[in-house]
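Chains as they are written, first to last, in this note's numbering: chain A, -9 to 293; chain B, 34 to 549.
Bear in mind the hints are in silico, worked out from the structure with no lab data behind them.
Predicted, not measured: the structure shown is a model, and the values here were computed from it.
Beta carbons: idealized from backbone N, C-alpha and C, even for Gly.
You may find that some hints are simply not true.
Subject to a maximum C-alpha distance of 35 Å in a straight line, what follows is the list of computed DSBU-like cross-link-like pairs (lysine-lysine) [to be verified]:
#1 A:Lys45 x B:Lys532
#2 B:Lys175 x B:Lys417
#3 B:Lys532 x B:Lys549
#4 B:Lys480 x B:Lys223
#5 A:Lys58 x B:Lys397
#6 A:Lys45 x B:Lys480
Here are the simulated distance ranges between beta carbons [claimed, not checked]:
#7 B:Glu478 x A:Ile22: 57 to 63 Å
#8 A:Tyr96 x B:Asn150: 54 to 60 Å
#9 B:Tyr172 x A:Ala61: 29 to 35 Å
#10 B:Glu348 x A:Leu103: 50 to 56 Å
#11 A:Tyr47 x B:Lys549: 29 to 35 Å
#12 B:Lys510 x A:Ala61: 45 to 51 Å
Partial selection, computed: residues in chain A whose CB lies under 7 Å from chain B [to be verified]:
#13 Ser122
#14 Pro123
#15 Asn147
#16 Glu251
#17 Ser253
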Amino acid sequence: MNYKINLRKKLYPLWFLLPFLIMISMFFGFPIILTGVMTFTDFDITYRPSFVGFKNYQKIAMDPNFFKILAITFTFTLVALAIIMLMSIVISILTQYFVKRKVARYAYRTIWLSMNALPSIIYAVVIRGVFSPYATSGANYICLKLGLIADPISWLNHFPLVLVIFTTGFLNGANGIIILSAAINSIPEDYYKAARVDGTTEWGIVTQVIIPLLKWPLMYLTVTNAISLISSYNYILLLTEGGPNLRTTTLSLYAYQNAFENSQFGYGAAISIFVVTISIALVLVLFKLFNFDEMIQPCRIDD
Amino acid sequence: MFHLFYENTIIKCKYSLLTFLQANITLNHCFTKLINYNLNITNGFSNFTKEEEDMRKQKEKKMKKIILLLLFSTVMLSIFAGGAAEKETSDETNKVKTITYTVRHDSSNENVVSRMNMIIDGFKQLEKEDPKVHFEFNYLPKLEVNELAMQFHAGVEADFFFDEETATGSLVKGGIIQPVDWFATLPNVKDTLIPNVRELSIYDGHMYGVPIDMALGCLYANKKILSKLGWSSEEIETWPKRVQNGEWTFEDMAKTCKKAIDMGLVKYGFMLDGVDNAGTFGIAKSLGIEMYDREQNKLIFDRNSWLEFYKFWEEAVHEDMMIPKSLPNFEGTYNSFFKGDTLFFSDVSGYEYWRRNFDGDAEKEFPEYYEENFTQALIPSYRKGEPAQCAMKLRSMFVFSSVKGEKLDYLKKALNLSYLPENQVNNMLTMGKLSTIATTYDLQEIKDFKFASDTAYMTDYATIRSGHPDYNTKYSKYYRNQIEGVIVDNLSAIEAVDKLESELRFNIDADQIIFK
Chain A
-9 MNYKINLRKK LYPLWFLLPF LIMISMFFGF PIILTGVMTF TDFDITYRPS
41 FVGFKNYQKI AMDPNFFKIL AITFTFTLVA LAIIMLMSIV ISILTQYFVK
91 RKVARYAYRT IWLSMNALPS IIYAVVIRGV FSPYATSGAN YICLKLGLIA
141 DPISWLNHFP LVLVIFTTGF LNGANGIIIL SAAINSIPED YYKAARVDGT
191 TEWGIVTQVI IPLLKWPLMY LTVTNAISLI SSYNYILLLT EGGPNLRTTT
241 LSLYAYQNAF ENSQFGYGAA ISIFVVTISI ALVLVLFKLF NFDEMIQPCR
291 IDD
Chain B
34 MFHLFYENTI IKCKYSLLTF LQANITLNHC FTKLINYNLN ITNGFSNFTK
84 EEEDMRKQKE KKMKKIILLL LFSTVMLSIF AGGAAEKETS DETNKVKTIT
134 YTVRHDSSNE NVVSRMNMII DGFKQLEKED PKVHFEFNYL PKLEVNELAM
184 QFHAGVEADF FFDEETATGS LVKGGIIQPV DWFATLPNVK DTLIPNVREL
234 SIYDGHMYGV PIDMALGCLY ANKKILSKLG WSSEEIETWP KRVQNGEWTF
284 EDMAKTCKKA IDMGLVKYGF MLDGVDNAGT FGIAKSLGIE MYDREQNKLI
334 FDRNSWLEFY KFWEEAVHED MMIPKSLPNF EGTYNSFFKG DTLFFSDVSG
384 YEYWRRNFDG DAEKEFPEYY EENFTQALIP SYRKGEPAQC AMKLRSMFVF
434 SSVKGEKLDY LKKALNLSYL PENQVNNMLT MGKLSTIATT YDLQEIKDFK
484 FASDTAYMTD YATIRSGHPD YNTKYSKYYR NQIEGVIVDN LSAIEAVDKL
534 ESELRFNIDA DQIIFK
């Protein structure tokens, strides 16, 4: 009887988790398995797939555009990530540490959070307008007036990757600002007082008190943003559609185009599995950089 | 896939659910009584004798059985009622047969609505001829080819939809559409369908799309700028004819553009609507590039022709400066011509676009304004004496492969009536699209529609993009990528051709393309 009671006790949590496990299986697990199976087929518009083995993976290696797109993916991810993290840290420290009044802090947080309220298409339209090739467009007008350029520039043709990276980085920084702001606000004042008593400057407080204490949220933001950037292409699609001439095409966009524009679902699925593999590898590298193993060690001081 | 199952189930259970809910209210009453009865037992009336207790329990069991039986009956009746609901509708219409066509339809697109109205006019006339039949239309959202294929294979049925000619091969490959060779034999069509349209509608030996209307990719010119360049009225008037005869070529166009730019009359010599459209196809055809072998149903890559094509872009953008370097992401290409910043413009929807966006009375004032300021011709040939070309976008109606029997018969009859010239007029006048029926152009209203009557001759020079499944998704994308490469990345013509060839060899199956 005892073992039955113990088993029942152990199964109780599973009953509560069951609805969510079913949902996750249906909407995540099952599609992932299906995608994996699809990579071994020549699934196309006929919806009559046949098994082709590793042909799709071989095709990735032989694709003439593959290495160019891989380089663009890494450039996009790493530079946009750097912009997001730098922006998040700088703005959250400036607004939450250096600004003393609570009302002002709330106001800054609200302004940055409100950036997330508008849909991406609005920002894309604004960016396309500001950087359009006309002499009267925002960017060209300012540069011509300042004498930086002699003729209007077609920004989306000449600097497409730069524009896409800055747009993505700038507009995705808001989430990081909110999380880091909350983390900074939770640092006890005593730490700052103790640092000042020791003669630390404000810059020293930022680098030696605040940033080390933000290690967990920084790691969380870095990892989640890295995964998100590798798989996202919404601003790329809205601004340049991956062009001109694949100059802003990332692997995830390439997977989408192969699957849904070229009707090569098997090949698109294989590329998306490759994207997942890269994401996992990148996450492991980031864990190593942040010394994740050390961070999760139990505290050596007894409570 | 889950959302398709959901959609189907909900549609089928619609009536069942309503009936079930109504019955449920009655059942709730019974349940409440049962619960109250039990509560009374447990709250105080527990001093029953053994016999009374047994009787109570028997009554309780009986009540539960009755309620369960009622519940089961209600569910079964609801299901049958839901199924019968549609039959009741047809019974109610007093022996008039109702045939419902399900159409994949983009109701936000004026062009599609206009086409659908043209088809509906045919059905209305059919109803007058045969009062015992009534037609209804059920609209589903228009989908891209891939999603259409998914829903089709998942069993979400529809009857017809409208799309471009480039979708034909993919739709045939997916088994989604059926041949419509019968269309060319319809009484009102067989002698009046424009021969070139009939020819161009054939894919892999069959006609798969009913050609609804077409738009021609011609070359527009600004008459006022031409006269400032020193062209006489006669030269401007005869310009379309000189292009048609192969006397006025791309070389002449390049010289004219250069002169206009040097004189400061325009910012740009020649503009297209980006590199993503039939305009680049028109240029490719005028350079003599063959991309598709109709007989073998295979794509063609002719290296020498493509080398010439990319040399043209090299010269036009970087040497003659005829085409702006900002073309790939240029916003407002149509307006740049209409407002006088560009001398020549090539696109399929020019006239129609400007008419819809005209600041003024589009019907009364625009035709006169257009006549005064602009003119149009075929896409000039690349070499003197060679024929000029015109790219055509042919909008067709595709019939799903599941449509059979009576439904298909009535559809044929309705189309026959839709293709009477008087039923074609509205679509032409409203949307600026051209009819595929030759006799439409004999009607006075169309003769008065000057643009249509002036451009009707171009259909004989028209050619359409291939319907091969690998053309739209791969071939056209790759060659247009290399145009961007030449313009933006300063690729040489040879580099562009090499890149194009390697992409075609990699992505298109060897048995689907011929390399020359």
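Note to self: Let me make sure I understand: some of the numbered hints might not hold for this structure. Which ones are they, in numerical order?
What the structure shows: 2, 5, 6, 9, 12
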